[in-house]
Amino acid sequence: MAIPALTARRARLNRLDTKGSPYLYVLPFFLLFGAFGLFPLIYTGYVSFNDWDLLDAGAHEWVGLANYRELVQDPYFWNALGNTLSIWVLSTVPQLLVALWIAHLLNHKLRARTSLRMGVLLPNITSIVAVTIVFTQLFGRDFGMVNWLLGVVGLGPIDWQADTWSSHLAISIIVAWRWTGYNALIYLASMQAVPHDLYEAAELDGASSAQQFWKITVPMLRPTIIFTAVISTIGGLQIIAEPLLFAGSSTPTGGSDRQFQTAALFMYEQGFREFRFGYASAVAWTLCLVIALFAIVNYLITRRIANDEE
Amino acid sequence: MTVLADPPSTRAETPAEPRRARRRSFGYPRKASVWTYAALLAVVAGSVFPLYWSLVVSSQTSDAVAKVPPVLIPGGHLFDNIARVFDSTDFAQALLNSFIVSGSVTISVVFFSTLAGFAFAKLRFRGRKVLLVVAIGTSVVPQQLGIIPLYLLMADLGWTDRLAAVIVPGLVTAFGVFFMTQYLGRAVPDELLEAGRIDGCGTFGLFWHVVLPAARPAAAVLGLFTFMQAWNDFFWPLVVLQDNATVQVALSSLASGYTTDYTLTLTGTLLATLPILVIFMVLGRQIVGGIMQGAIKG
Chain W
1 MAIPALTARR ARLNRLDTKG SPYLYVLPFF LLFGAFGLFP LIYTGYVSFN DWDLLDAGAH
61 EWVGLANYRE LVQDPYFWNA LGNTLSIWVL STVPQLLVAL WIAHLLNHKL RARTSLRMGV
121 LLPNITSIVA VTIVFTQLFG RDFGMVNWLL GVVGLGPIDW QADTWSSHLA ISIIVAWRWT
181 GYNALIYLAS MQAVPHDLYE AAELDGASSA QQFWKITVPM LRPTIIFTAV ISTIGGLQII
241 AEPLLFAGSS TPTGGSDRQF QTAALFMYEQ GFREFRFGYA SAVAWTLCLV IALFAIVNYL
301 ITRRIANDEE
Chain E
311 MTVLADPPST RAETPAEPRR ARRRSFGYPR KASVWTYAAL LAVVAGSVFP LYWSLVVSSQ
371 TSDAVAKVPP VLIPGGHLFD NIARVFDSTD FAQALLNSFI VSGSVTISVV FFSTLAGFAF
431 AKLRFRGRKV LLVVAIGTSV VPQQLGIIPL YLLMADLGWT DRLAAVIVPG LVTAFGVFFM
491 TQYLGRAVPD ELLEAGRIDG CGTFGLFWHV VLPAARPAAA VLGLFTFMQA WNDFFWPLVV
551 LQDNATVQVA LSSLASGYTT DYTLTLTGTL LATLPILVIF MVLGRQIVGG IMQGAIKG
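Protein chains in written order, with the numbering used here: chain W, 1 to 310; chain E, 311 to 608.
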């Protein structure tokens, strides 16, 4: 008598275990993302409709769209957005092209294969802070090695922080230096998956190696190129640490004339220097929208370009 | 920082094709020419140079950094400069903080990601596919833009300047879940789980006795990545740990004085990078492999 009852209970428990436990196991991730990822982002929307002063013990007052109205008329915001786009284009486009080239180089029978791959990846594992500090020193006006090298070939020293174009170029180099090798390895992985018969057939048809690269490799890499372009967009439009540290001081204005202040840095300045949480949140949400828009446009464009190659 | 999805490219479209092709190919991939080696060595030199340069500067006296032409060989003052870094800021505390943060985040990410990966890869439940897609999708959310409410939240919890503010949000990541789902799907045969069930294991028993041991190689790679990411994390710690800095925050304040002492700063840079470099030297092969298999974003 007792045994069937016990078995029935065990079976019920068992069913509960198989049905319920998977949810329990994935729950920590969703809870954590909800609490510290999604909730803050949504709550940013609420904060952006308020006049919210951090110093005033979080006192806030509903102001509707006032922050957004101020934003569209704020020349500092537009300046920051322009700088962001400029640095993003300058860093992403050459970065992905060079990565493609490095991947092509790595896609040979090589001695010391692993060491070469590690060498290429090294920049990506060093921290943004370390990288930016070293490059800021190398780009130094008076004693930086970049200016010394320019001097050797007869070009005048450049005050890299001082101008819009030079600061954007320097920051883009810092960003690209850190990410090129990573993207090259992603491309390499895809290149290795291209069926070799395609190259053999092309070779028989007398295609040069350049033709093979553009007519076979690049089209076959299409999904990966789209992927890296979209990811670089999402990351590139949020750039903040490089311009903050490149200034060489802790003022988040991106240079004396805001010549290299990015939009995310502007958000940080408004939030944590001016203590205007409402306004900073409006910046954050607007930037989010811009990022989503650019990611989609970028997806469509890269898809189109890659399609044309075929 | 953020994590992401697999480049949708590699595996699915060309199953098992490369190996078969290689056998009867004309010799693909091609043999590298001298120019290929030369170009690659130049790329690697460019990758290594900034770190080498920080070693040069940090092993010279302070006036060396202003020499023209620049000094390019390391000198003998490294330990003097290291002592100076520890004297001028609380670098020891910052290092300790970073070890605590990165260590606890790493253990937790590996555990919870394996658990969730096990569920996604090996258990059947309603909504599994949708939840997995949502989990991977979260990695493209620009979380950096949520820092204002996140800061308000931490202030409410009384966690500002406490390491918990940096540790807790990082306890499990979308990338970890994705990575483990991929790995466990391949590495744990269903028959093994079936056998465990027949032996009377419950789901958690299976996880503990079968899945965790099988996950060890992937757990090591994931652990490394997580440690490096947590160690290098800068922006959120900068905002929330004003007076209890991690090593990256301490480094940034070394660099942002009115006049920057570059010898001091680059010595700090070298110190802060050293743990990561050691990991990379020892396990770089696995890290490269991990990136190429699954797309990992640092």
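None of these hints come from the bench; they were simulated from the model.
Source: prediction; values computed, not measured.
One thing to keep in mind: the hints can contain errors.
Claimed, not checked - Label-pair distances were calculated between CB atoms; the ranges are: (1) Asp53/W to Thr569/E: 48 to 54 Å; (2) Leu38/W to Arg526/E: 30 to 36 Å; (3) Ala402/E to Ala210/W: 38 to 44 Å; (4) Leu293/W to Trp345/E: 49 to 55 Å; (5) Asp17/W to Leu406/E: 40 to 46 Å; (6) Ala402/E to Val290/W: 40 to 46 Å; (7) Ile410/E to Ala210/W: 48 to 54 Å; (8) Glu504/E to Arg12/W: 20 to 26 Å.
Quick reminder that beta carbons are idealized off the backbone N, C-alpha and C, glycines included.
Here's how the hints hold up against the structure:
1. Look at Asp53/W against Thr569/E: about 34 Å separates their beta carbons, and that is not inside 48 to 54 Å.
2. Look at Leu38/W against Arg526/E: about 32 Å separates their beta carbons, and that is inside 30 to 36 Å.
3. Between Ala402/E and Ala210/W the beta carbons are some 55 Å apart, a value that contradicts the proposed interval 38 to 44 Å.
4. For Leu293/W and Trp345/E, the hinted distance range of 49 to 55 Å is not satisfied, since their beta carbons lie about 42 Å from each other.
5. Separated by about 42 Å at the C-beta atoms, Asp17/W and Leu406/E satisfy the suggested range of 40 to 46 Å.
6. Roughly 42 Å separates the CB atoms of Ala402/E and Val290/W, a value that falls within the hinted 40 to 46 Å.
7. The hinted range of 48 to 54 Å is satisfied by Ile410/E and Ala210/W, whose Cβ atoms lie roughly 53 Å apart.
8. One distance hint, 20 to 26 Å for the beta-carbon pair Glu504/E and Arg12/W, holds here, with the actual separation near 21 Å.
Checked against the numbered hints above, the structure breaks hints 1, 3 and 4 and satisfies the rest.
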